[in-house]
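The task is simple: from the sequences and hints, build the whole structure.
For the protein sequence lines, the chains are B and H, in the order given.
Here this note's numbering is used: the first residue of the first sequence is 1, the next is one more, and so on.
Here this note's numbering is used: the first residue of the second sequence is 1, the next is one more, and so on.
Incorrect hints may have been included.
[To be verified] Derived pair list, reagent style SDA-like, types lysine to any residue, alpha-carbon separation capped at 20 angstroms:
#, chain 1, residue 1, chain 2, residue 2
1, H, K136, B, R312
2, B, K136, H, V116
3, H, K60, B, I18
4, H, K136, B, A112
5, B, K136, H, D115
6, H, K140, B, R13
7, H, K136, B, N263
8, B, K188, B, G150
9, H, K60, B, R13
10, H, K60, B, A49
11, H, K60, B, F9
12, B, K60, H, V393
13, B, K16, H, G62
14, B, K136, H, V267
15, H, K60, B, S92
16, B, K188, B, K136
Quick caveat, the hints were computed from the structure, so don't treat them as lab data.
The model shown is predicted, which means the values in this text are computed figures rather than measured ones.
2 protein chains.
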Amino acid sequence: MSKFSKIEFCSTRIDKQILTQRAYNQRWAELPEGTIPLTAADPDFPVPAAIQDALVEYLKGGYLSYGPPAGLPEFREAAAIRFSIRDGIELSADRIVAIDSAAAGMVALARAYLDVGDEMLIFDPVDFLFSHGAEKAGAKTARFRLTATGEIDWDLFESLINPRTKMIGVCQPHNPLGRNFTASELRKILELAQKYDLWILADEIWSDIVFAPGRHISMLSIEGAAERTLLLQGTSKSFGLAGARIGFIALPDTHHVASFLENSGAVYTSFGAATLSQVAAIAAWQHCSQWLAGFVAHLQSQRDFACERLARLAGVSVSRPDATFVLFPDISKTGWSSEALSEHLKQQAEVAVVPGSERWFGPGAVGHIRLSLATTREILSEALDRIESNWPV
Amino acid sequence: MSKFSKIEFCSTRIDKQILTQRAYNQRWAELPEGTIPLTAADPDFPVPAAIQDALVEYLKGGYLSYGPPAGLPEFREAAAIRFSIRDGIELSADRIVAIDSAAAGMVALARAYLDVGDEMLIFDPVDFLFSHGAEKAGAKTARFRLTATGEIDWDLFESLINPRTKMIGVCQPHNPLGRNFTASELRKILELAQKYDLWILADEIWSDIVFAPGRHISMLSIEGAAERTLLLQGTSKSFGLAGARIGFIALPDTHHVASFLENSGAVYTSFGAATLSQVAAIAAWQHCSQWLAGFVAHLQSQRDFACERLARLAGVSVSRPDATFVLFPDISKTGWSSEALSEHLKQQAEVAVVPGSERWFGPGAVGHIRLSLATTREILSEALDRIESNWPV
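And the structure:
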């Protein structure tokens, strides 16, 4: 038993003063004083103490020399062990490449596996990084409309595949819908990928945040998927490490790893993750399971609390997400646009939310807003009070 | 006076055990036990204690949230102040973008400022990152042969500029030749850039390591250069922060910054430097001047010692560099190729050096080897003893 394993998550302990100094990306440090950010998917909670301890210990060694292009051996090993065990998959360290954020990984994978003019089939709505990555590679996207709970029409999905299609992008669990694809849905995606010889880009950055009784189902756990799956993982959602810029890519085999390193420029030191950040991730995976369980339990309770309250608002329809710490209510029946409503809430309620803009999530997001739950109950409750009092309908 | 300012550089204090665990990129952690690496330009010395202290202090705050796309305000401010004062230039924080290594910056700048088919005029030899960056942007390079001390034939230099030329790449001071371009040489480069409307990519990552009585002359200190200069800076050479992946880009104005952030993907969080690494850089610039002065004085003494010893070897001609902590002796008169000699030294002398391969430095590097001086006198002396005893000529 590690000395760190008893450190638990505390659902009431946040430090607003430091958040005001450090939380950028539409959050405390960027908003007017008094505004509550339910915006970027970055928790209000400090990182687990075990991560701080590990970094302080590492710093005592005094060296921050060049690491290897694919990541520190101990990082790759820790990632392989943690995700093999958690997801019931076979993942070896030599298939893993450390990367300075899942976001950067998305672009690097798109550049490595797509050519100009290729197409990636993605869901709509979905996090903008899929289309951003495709765009950087000179590729296009085709979008399949997805809802939080509805059945997927696989014939329609298949009809979007054409000779230019080279990749299917899957966000599992799904941001912003909070949908946790079932094994049979993932299997269906794999079958189509096999039929048309496509890559599967599986962004599983949210996979630590799946609510009971559900569990994360990795694309890599589907039989036959490994040889065509490009897996992306990160630490920003589960452990508050967004500023550390650290995640990893898992590729089908070591040949893919070698090509990817060459293609991305990693062997030229022009690409790579900070070693300190890798040390933080190792600590997260090795010593923070209990902390994470507490964090997820808190988020589940936040989800239930917020869904119940939002559902009471006029013109709002909200699905209870199975995963992620974002809610994505449909506000189209209010008669307000996402942008106008978000601006109204920011000005009148002093609560910042993310509008369901086409730019950030695709056309399927229109008429929605996104709210983050990763704060204390006190702050979430206050934010919902303010939204309620200033609801314009 | 800061509490850190009295911490001095210690030229004898290194920790081989930790280097063996942490120093990758052709160094201690990657070589057979007993081999001395005079390879990658990464010092054997630990980072200044002030950097460790600053990181530990920052970690106490508990948050590693998303930073802003261009870098933390305090990072940009610290960079602007430090380099304005050191180089006698006007550099404002809003022209600065934090970047996860000068190497990554080189690629990002090439992608942002060059189109497919464009040409960058660079010196030969020079660090491979110039041609690597151009290649990633789909551009080509033209190379102007440079020696450590010879006069530059500006007519010949100008004759390499053609309608496709869009940029001149300048490594100041120059790796691997250790040449410190004079103000009048930089002025000449600027004149040509003005005449043909070219960008100047000024890689000044080595600018802290200039030997007395010389001093660094930044391209930005040349009158009229600011509007067409893209400056690159890093922390890996001066402060041992290679593994932290942190440097910055300085652009002509805020419009350039906005375009660059959009183009590079920084506004999509798919690009950016770890906040912890930014904190390390701030500490380096604010609290490590005295440490740095000691480090450079030690390197100057190492340079004199090693040049004197290398010059005695049969077939070797070595220039005393004015800057950088690498030597680049011409070994062509030994009759050995750079690669064969490097391999011989690795096997027989158990000393690793970098061969002057075309791949790493361009055709002008052929017949040279590169050796790093950033270690203790004891280790350098031992390495030179071994080279001497095993010299094949």
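Hint check results:
no.	hint	in the structure
1	K136/H x R312/B	53 angstroms, violated
2	K136/B x V116/H	14 angstroms, holds
3	K60/H x I18/B	10 angstroms, holds
4	K136/H x A112/B	12 angstroms, holds
5	K136/B x D115/H	14 angstroms, holds
6	K140/H x R13/B	55 angstroms, violated
7	K136/H x N263/B	9 angstroms, holds
8	K188/B x G150/B	15 angstroms, holds
9	K60/H x R13/B	14 angstroms, holds
10	K60/H x A49/B	9 angstroms, holds
11	K60/H x F9/B	17 angstroms, holds
12	K60/B x V393/H	45 angstroms, violated
13	K16/B x G62/H	12 angstroms, holds
14	K136/B x V267/H	13 angstroms, holds
15	K60/H x S92/B	34 angstroms, violated
16	K188/B x K136/B	28 angstroms, violated
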